[in-house]
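Asks: Given chain S, put chain A in place with the hints provided.
Protein chains: 2
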Amino acid sequence: MANQFVSQIADIETDFPQWYTDVVVKTKLVDYGPVKGTMVIRPYGYAIWENIQRELDSRFKQAGVENAYFPLLIPMSFMTKEAEHVEGFAPEVAVVTHAGGAKLEEPLVVRPTSETIIGHMMGKWVESWRDLPLRMNQWCNVMRWEKTTRPFLRTSEFLWQEGHSVYATEEEAEQETLNMLHLYEEFAKTVLCMPVLTGRKTEKEKFAGAVATYGMEAMMHDGKSLQSGTTHYMGQNFAKAFGVQFTGKDGVLQHGYTMSYGVSTRLIGALIMTHGDQRGLILPPPVAPVQVVIVPIAAKKEGVLDACHALRERLQKAGLRVKLDDSENSPGWKFNEWEMKGVPVRVELGPRDIENGKMTVFRRDTCEKSELELASAGEELCALLGEISENLYQKAKKRMHERIVNAETLDELLKGVDGGNFVRAGWCGCRECEDRVKEFAQATARVMDGENTAAKCVACGKPSVHTVFFARAY
Amino acid sequence: MANQFVSQIADIETDFPQWYTDVVVKTKLVDYGPVKGTMVIRPYGYAIWENIQRELDSRFKQAGVENAYFPLLIPMSFMTKEAEHVEGFAPEVAVVTHAGGAKLEEPLVVRPTSETIIGHMMGKWVESWRDLPLRMNQWCNVMRWEKTTRPFLRTSEFLWQEGHSVYATEEEAEQETLNMLHLYEEFAKTVLCMPVLTGRKTEKEKFAGAVATYGMEAMMHDGKSLQSGTTHYMGQNFAKAFGVQFTGKDGVLQHGYTMSYGVSTRLIGALIMTHGDQRGLILPPPVAPVQVVIVPIAAKKEGVLDACHALRERLQKAGLRVKLDDSENSPGWKFNEWEMKGVPVRVELGPRDIENGKMTVFRRDTCEKSELELASAGEELCALLGEISENLYQKAKKRMHERIVNAETLDELLKGVDGGNFVRAGWCGCRECEDRVKEFAQATARVMDGENTAAKCVACGKPSVHTVFFARAY
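Residue numbers (the numbering used here), protein chains in the order written: chain S, 2 to 475; chain A, 2 to 475.
Wrong hints could be hidden among the right ones.
[As the list claims (entries may be wrong)] Simulated pairs of lysine to aspartate or glutamate, DMTMM-like, Cα-Cα distance not exceeding 20 Å:
| hint | chain 1 | residue 1 | chain 2 | residue 2 |
| --- | --- | --- | --- | --- |
| 1 | S | Lys29 | A | Asp132 |
| 2 | A | Lys148 | S | Glu206 |
| 3 | A | Lys370 | A | Glu380 |
| 4 | S | Lys62 | A | Glu56 |
If you're looking for bench data, these hints aren't it; they were derived computationally from the structure.
Chain S extracted, bound-state conformation:
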């Protein structure tokens, strides 16, 4: 029976891209939309996004950030006000040219990100130092017309949050850029059970219009890197482009300093490719739509279904997200189905378990079975879910650290990324060398290490200025 299901999913080691496609479609996380490059997020996938949203949103609110909503359509002229920004985004925008049965005077861009329109509104709202800092976030859809797309990882439309703040001083705005990076890192660890590398991006990899971009990068099962979140310090670039000015305590009119930060539905792709195995998904307990699935054994025997219902109720009261699969499929079919769907814990309950006051518990992360006391089911399963989260994180962390290798030459770097590693190497800081690494090894600078520990640039051999994590990336 098991083989029947496993055979539906491509081999994770030899064909990881197909494994990913099989898993996201067969588990009904997502489907392809009718317009090329779009996705439909199905209930099982959207429930993961809701859990991500709830966890992140409470962290933002705790940090004092308020939610707002800005319009989808941005005047084309706004995009051109910040020179680097338009260069970065113009090639991938979708444009509304007609509306209400007539041609528009000015074409409107479907937001690829909202720095420009939020900058415009901040320019209206900010007048005095008393109005600062102004810290807002929005949950919304954005659109970037991509040539090659994959569900969650790169789609023409995706869902995200984008936070935007304006501060009176450079120091505060820079500090917030780092604070939000750390918030993301803690969230990735605690909620997605996903270790990340964080650091500053190179000039080549930074956000169009930013002074500095910081990113968090996660290592996927195949050793490639997935950019999972970014924060940007904008200096006064957008404040100057949109007239975000305030009168300081000193009575002087001056420009504010802005920053922004975002994560998207891409995080769902990240957690799938971090934790999944040959059987399918392994969902981290904090975001799993179903944390515990109860499968009745010999369901027609007297008392079994009643006991399952009673257990479900108790577990729900204990705050767990529980599903009782009382469908007519066989237990074996259900085991496979819910394993593929990545439910962290399966409870099997049959006549003998009930008689003994026990339940049989299968944990998805290790695929091990054990027996637990029915009487203390709530506490035992809560503790087990915590243990699973910790194990998932430690396992992924161990893999990531085992797969960070150092390189002093381009050949070593190539060998490193070919072997599915992140490669730590010195870099002189010049664009030519960064381009050379890309050409030679199809690897990009993911983030810069906090300190420069290498002696020489991996490409030109001149003194190293930054130590960089290079990797192939999604």
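Replies: Quick look at chain A alone, frame taken from chain S:
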């Protein structure tokens, strides 16, 4: 001091439209976006929407509906598959013609509603009776290019939820259409403290492509009606257009029956115009971003601020949304500000209150002051907020029922709506008479009453077939 503020808001009785505009802008609920007809929902307004979302979303989930997300852009060809639907929506869609730097082969419509694209996906997903019912909801932005716009009430882009279900039988789909109408009605009453009239819409007023539309209508301060939510029974119209077919238990391939339902950010406009008064907003406690504002009196006296902080903490622990206004403005300034912003309860805490173990409490709905015990602040204020909710509902309900009048002639009907009433009148059921009422009295059929209690049609005098609530409407 009070006058200074009141004078900023137009007179509610003589210039209600300007009152509305003044209130929504000055309380920072909303601002105008740079593109004509768009709005920016500012944090204070968005927090109301979040509270509405949370309350409605939990009701949907309780009812067994799951959230999902469908693409923003819909192929133009989809819109034309249901004949009435395209006729209704074509004049107001925004169209993407270019993307990624090139002209698109087929223009894409920014969704005005998602029946078509969801119908298309349901057609892919539904195969057997086992797949039914399929019940989904999405929270998203939609766009309808309107000529005359007003914040929350009618904007080219707005936020909403749209639920879509497919059932195997007509009876189930029709029943769900009524169930969701009742869910909305209960929500309006309990959460928005807003009484509504519910009923079926006439053919003229129904959704483009529906077999039957049901609506809930609320009476605004000026006696006009605001359509606040609708549910639609589609029969097999969309199922046939998009091939939503399933094999029944009898082995026969057949079309499903679909229905949909939605409410939008318009609800924020509804509650403002239901409850507001000359001083500004009066927010119902269940959705108020701030339920209790604490204003320190003689804040510089020893112990006052400490007592205010301690009270805030206690009230937060009691589950209340509390703001302590410790800014440098005068108490009088703060009173006016928070009254304008509609905070249900103000607590004033000064040295004498603290000494006596009391707090001075001002309730926004009646503008009455009283003293409550500090020791039991949490319970007392929770109870008071409940009382305020009940009072707001009863007050609005009384007004609505006092302002429903009967008419037997067009002159009576005109007199009724001129006087700011809903008019209950007989109708023969023909479109000509409905148009005649519109022309004669600028009133439209809002909903039909459950039973036909009138003898004659108000327009032609022939026997009445439906009793209708006519009103001027937003």
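Asks: Hint by hint, say whether it matches the structure.
Replies: Each hint, compared with the structure:
With a C-alpha separation of about 13 Å, the suggested pairing of S:Lys29 with A:Asp132 holds against the 20 Å cut-off. Between A:Lys148 and S:Glu206 the alpha-carbon distance is near 43 Å, which puts this suggested pair outside the 20 Å criterion. Distance check on the hinted pair: A:Lys370 and A:Glu380 sit about 18 Å apart at the alpha-carbon level, within 20 Å; holds. For the given pair, S:Lys62 sits about 19 Å from A:Glu56 by alpha-carbon distance, which is consistent with the 20 Å threshold.
The earlier numbered hint that this structure contradicts is number 2, and it is the only one.
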